[in-house]
Amino acid sequence: MAKTIKFTLDGRVIEAREGETVLQAATRLGLLIPHYCWHPALGNPGNCRMCNVEVEGAPKALVSCRLYPKEGMVARSAAPAPRRWQSAALEFHLVDHPLDCPVCDQSGECGLQDYYMNSIGRYRSSMRDNKWHMGKRMVLGPHIMLDQERCIMCTRCTRFVDLISKSHELGIFGRGHSQVIDLVPGRVLDNPYSGCVADVCPVGALTDRDFRFQVRVWYLDWTDSICPGCSRGCNISAHTSTRRPWQNKGLRLARVKPRYKPEVNGHWICDEGRYGFLNYDSDRLGKVMRLKPSAEELSWEAAAAEVSSALRRKPAEGLAVMASGRLSNEDWQAFQKLFLEKLNVRRFLFAPEPDQVGAEDELLRRRDKAPNLEGGKAVGFGTRIASMSWDSLAADIEAGKVWGLYAVDRDPVKVWDQRGHELLERLDLLVYQGPRKGLTGELAHYRLPATDWLEEKGHFTNFQGLVQPYRQALKPLGAAKPDWAIFEGLAARL
Amino acid sequence: MSHFSAEQEQTLMGWARRYPYRIMGLLEALRQVQEWRRCVGDQDEEYLAKLFDYPRNHVHELVTFFPGLTLRPTGRYRVGICRGLSCALAGSAAMCRCMEKSLGIKAGETTPDGKFSFETMECIGACDHAPALIVNDKLQGAASEQSISELLERLP
Amino acid sequence: MTKVLTEHWDQPRLHELETYRRLGGYEALKKVLGMDRAQLIDEAKKSNLRGLGGAGFATSLKWSTVTPEEKNPGPRYVVVNCDESEPGCFKDRVLATRNPHQLIEGLLIAACAIDAKQNFIFIRGEYQIQYEILEKALAEARGAGIIKPPVSIDLMRGAGAYMSGLDTALLETMEGKKAWPRQPPPFPTASGLMGRPTVVNNVETLCMVPSIVLRGGEWFAKLGTAKSGGTALFSVSGHVEKPGVYEFAMGTPLREILAAAGGVKGGRKLKAVIPGGVSTPVLTADELDTPMDWDGPRAQGSFLGAGGVIVLDETTDMVMVAHNIERFLAHESCGQCTPCRQGSYWYVRILERALDGGGVAADLDTLRRTGEDMTGKVICALGDTVGLVTRAMMKKFSNDFKAKFHGEPPHG
Amino acid sequence: MAMLPFSVIRPRQGFVERTYLWEALHGLIVTFRHLFLNLGRHLLRLLGARVAPGAVTIQYPEQPAVLGRRARARHFLLRRADGFPRCTSCLLCETICPAKCIHITAEESPDVMVEKRAKSFDIDLGLCVFCGHCVEACPCDAIHMDVDQVELSSYTRSGMIWSLPALMRGKPQGGAPS
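Chains as they are written, first to last, in the numbering used here: chain A, 144 to 637; chain B, -10 to 145; chain C, 493 to 904; chain D, 36 to 213.
Treat the hints with care, since some could be wrong.
Straight-line distance between alpha carbons at most 16 Å, and here's what the computed EDC-like set of lysine to aspartate or glutamate pairs gives [stated by the list, open to error]:
(1) A:K203 - C:E864
(2) C:K669 - A:D305
(3) A:K392 - D:E142
(4) D:K135 - D:D159
No wet-lab data here; the hints were simulated from the structure.
Isolated chain A, as found in the complex (with noise of 0.2 Å):
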């Protein structure tokens, strides 16, 4: 076991890790230690002095984020002084603070409330002069939104663009009280983590553009889940708005927060992830419909029934899969079932290029925009069966040699463009499964809806080969039901 440096904080005995400071250890273990500057992957510049502790044997308070424990040391951080000391740095912190509580988003998970409503705050202000006015409601970038006001100087934003993002648009520009955080003159906040400023800012300073006066947050629901954006495979936990559905003008995501994993995304996720999946509910299906010959809607066992034979029509040489690696690990699992044992198919297609495929940096972001190719190849898809390519499949359908596609979660429209138009038409069999209509959807025989990543529950594996679970935040809509058991639903009839 590690070598661990035993102390006593308001008369627990504590074990802190090697290198761990008082304040790192005592909140590990849970225990109220108020903090502003300090986070845990940005360093601790204990410039905030909030987290003062009297320590016995030290002549004077001690910042406990900078404080590395000796054995059997005492420390209080909940007696009557400490606590004292701690209000009376929020009392400075709160000196020049608007009483902006009504308009600020941060509302409801601010650090200065926080601290305010509970033992450490809650005193009357003997603030009796005018307060000094800064910038408000300043846009940074396309996400960000900056009030110097209510910024308490903590200096997380910009050691983070100094040190994650390497960006270095902001600085602490002034000196004193007038020193405010800002943008250096012609830059913009458009890095491709800028979204992760507004989380490390403890207060209401820099906030989220596209959440701006969406909802409020104690009305959200927080579900932990995996953002499918890349095969990086971020921790994240989606936050509904489902219980008041006239808020967050009716979209049921309200936004993408990060979630703490140290393996895969640290404290991070980029703005592709926490910005790119907030128009959730457009262009969704909801009905199983037969478009042609005749358009009609159906049941899921006349569905399944009439694809499953129309399947069995001509031989499984001319069929083609198309599918992608937005697929969970069960769908893989039920994908393999159904195409490859009960129809072995020969012509799938799975490549992420060209659609599926993106810019790449060292922190995060992958090429490959699919949550789970690694979960194709654990079921061979990828291994033992290679992808084939768009162009020859286009040839293979212009040469007749395939009659039917079945596209699961994937737009040949979208990549054929117009070419796509003249083959789907030649082919006598379309099924289109997936959570979007989108160009697809119109022309094809059979439309079957398929719950998109946050209705269902299921596990991506990242390119690290870690499986992940992933919960489900939302009620399907209409019909829609997961991949996994549509495949069933058809397996189960060939």
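Fit chains B, C and D to the supplied structure of chain A, relying on the hints for placement.
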């Protein structure tokens, strides 16, 4: 080719190489630019950030932190009257008003022709010459009506 | 009274090399080259020389705690702190103007003491005249072979921040960063300039070193009192006949210093004296017999600081003095830690309102409580001073403050 | 200490009381006395005499229903001195409302100092229990329940939902903060 002359670039490179670590010359280089251009502009910051291989936000932090460096151009002659305790006891407030009257500008402003800029400064270490008067970082001695008017004539 | 620093100030052109040499300059340096480091540090220890920049940290202790070459191979630095920005103190300016070579010799001796090759003199931006004097003096010293490679002395200027005078903030400024002080540990002697062991000494401290080496530590210690060796320069200013720099032995009572400066201006009655620059709490007129050494003012709740004696006569309103000091501290606060950044400007607003007649009795308790909440809870001494200075004035001159803070709170 | 035995003595009912005739007759006498007394007062008032009113009932709606000073009825959204609505749509009233009948959506406010205002503010008076929690919760004193406006009925359920213009129309009579 940056907006500095070759010879100016040479001086700035001199500051970069002057001290054992390159970054230690940054503040001196900024003072040099302030001397030439009477302020530190955006292009200057970009140039120095590249020259010292130092992020631009930190360079801008320096310019806004130190009162010696300004964003807006000051006059050719930067006149300052100290408002420290000893000088305040010796009547620096009256001298400031007299200076404002004779220059026709308020404290912190620059004369339209760009020749003078006047500001009240914190202690400049000349309490034996209270109230102290300084021009371009050079102490001129105690400020009095007579010394102020005499100073304004003398400067070309 | 034996004079250590101001001995030759009456000599014309003392700032030139051959005058300084004629009067016995650089003999100490020759003697040091013969001594080994331990002996030199022991001499400083016997001399009881303590940092005259204001902290009063024993110079020998500071030199001896520098991590030696074996433990931390690589360069060591000596940095001279000439960023004197404390209102009331101007001794470093006069020293650098009158006798730059004494400073250079002291610096070279200190460099030998901790085996440092590269040394720096950090001078404040507003001392441009002294910068040029030092530049000429350094050129002369290099020309005369006194400063021979690998030893080097470089000059560096600040840009008008009082904070750069604090040792760790000075190192931050030299590293091209904002003058935000660091929080020890580690102390500069272990990891200072660019992480290398560094000794930061005040100008006056180093100017004492040549005399100590020449005439021995005991001689220097005997000049002062038991715990504070030698003499010190006092910059006398404010309501005084002849403001200027005076040298007195450590332990000299304040009354004597005031008399040497010609007493209170216009023969008015003395009201208060600030002993060591505005950061030191004020002393009342009847505390004039306080011996001026490292422990004398401490007994009256103040401290020696950098020896900036500011004399205030009876016409001064202490609330105006408090406001002037707090506005200086609020303007110079570096803004790193919250209590000092917000508290100092809060003080200014309360005192400004009091000066305009809006003072409220409850403000006195706010000032007292906020001061206690600041002192000792901040990163550097400036924050402690904000809380300390006004409270001391409120205690010692309560009627001035009661006169200004008398009204009832307007609403509730 | 032990409880002493305690016996209750019931008055014996006399013969007349047991027959109960007198008691019934006495009740009728009281009732008819009130009837004719009030009828007389009512007629005298009709003829214009200044006599105490005969009955407690008021002829609503001809006579307005007068509630107590502290009654809580019609909601008002108050305005600031410059006519701007005070409500910054902080949604505290919507949160505290036990009947969940307040529905607010927010938007940017053109006034930099206020930043946020209500785009839509609906109170479903059909659900409202007039408890006044919203008035207490409001940090900006934006919502106020007026004293004696009780005619809040409507023919349709949707008619009971008062939106922003309705809530801001008119001036509150009594007790509104300045």
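Status of each hint after checking the structure:
A C-alpha spacing of about 12 Å is found between A:K203 and C:E864, which places the hinted pair at or below 16 Å, so the restraint holds. Restraint check for C:K669 and A:D305: satisfied, since their Cα atoms lie roughly 14 Å apart, inside the 16 Å limit. A distance of roughly 11 Å separates the Cα atoms of A:K392 and D:E142; the hinted pair therefore holds under the 16 Å criterion. As the CA atoms of D:K135 and D:D159 are separated by approximately 9 Å, the hinted pair is consistent with the 16 Å bound.
When held up to the earlier numbered hints, the structure conflicts with none and fits them all.
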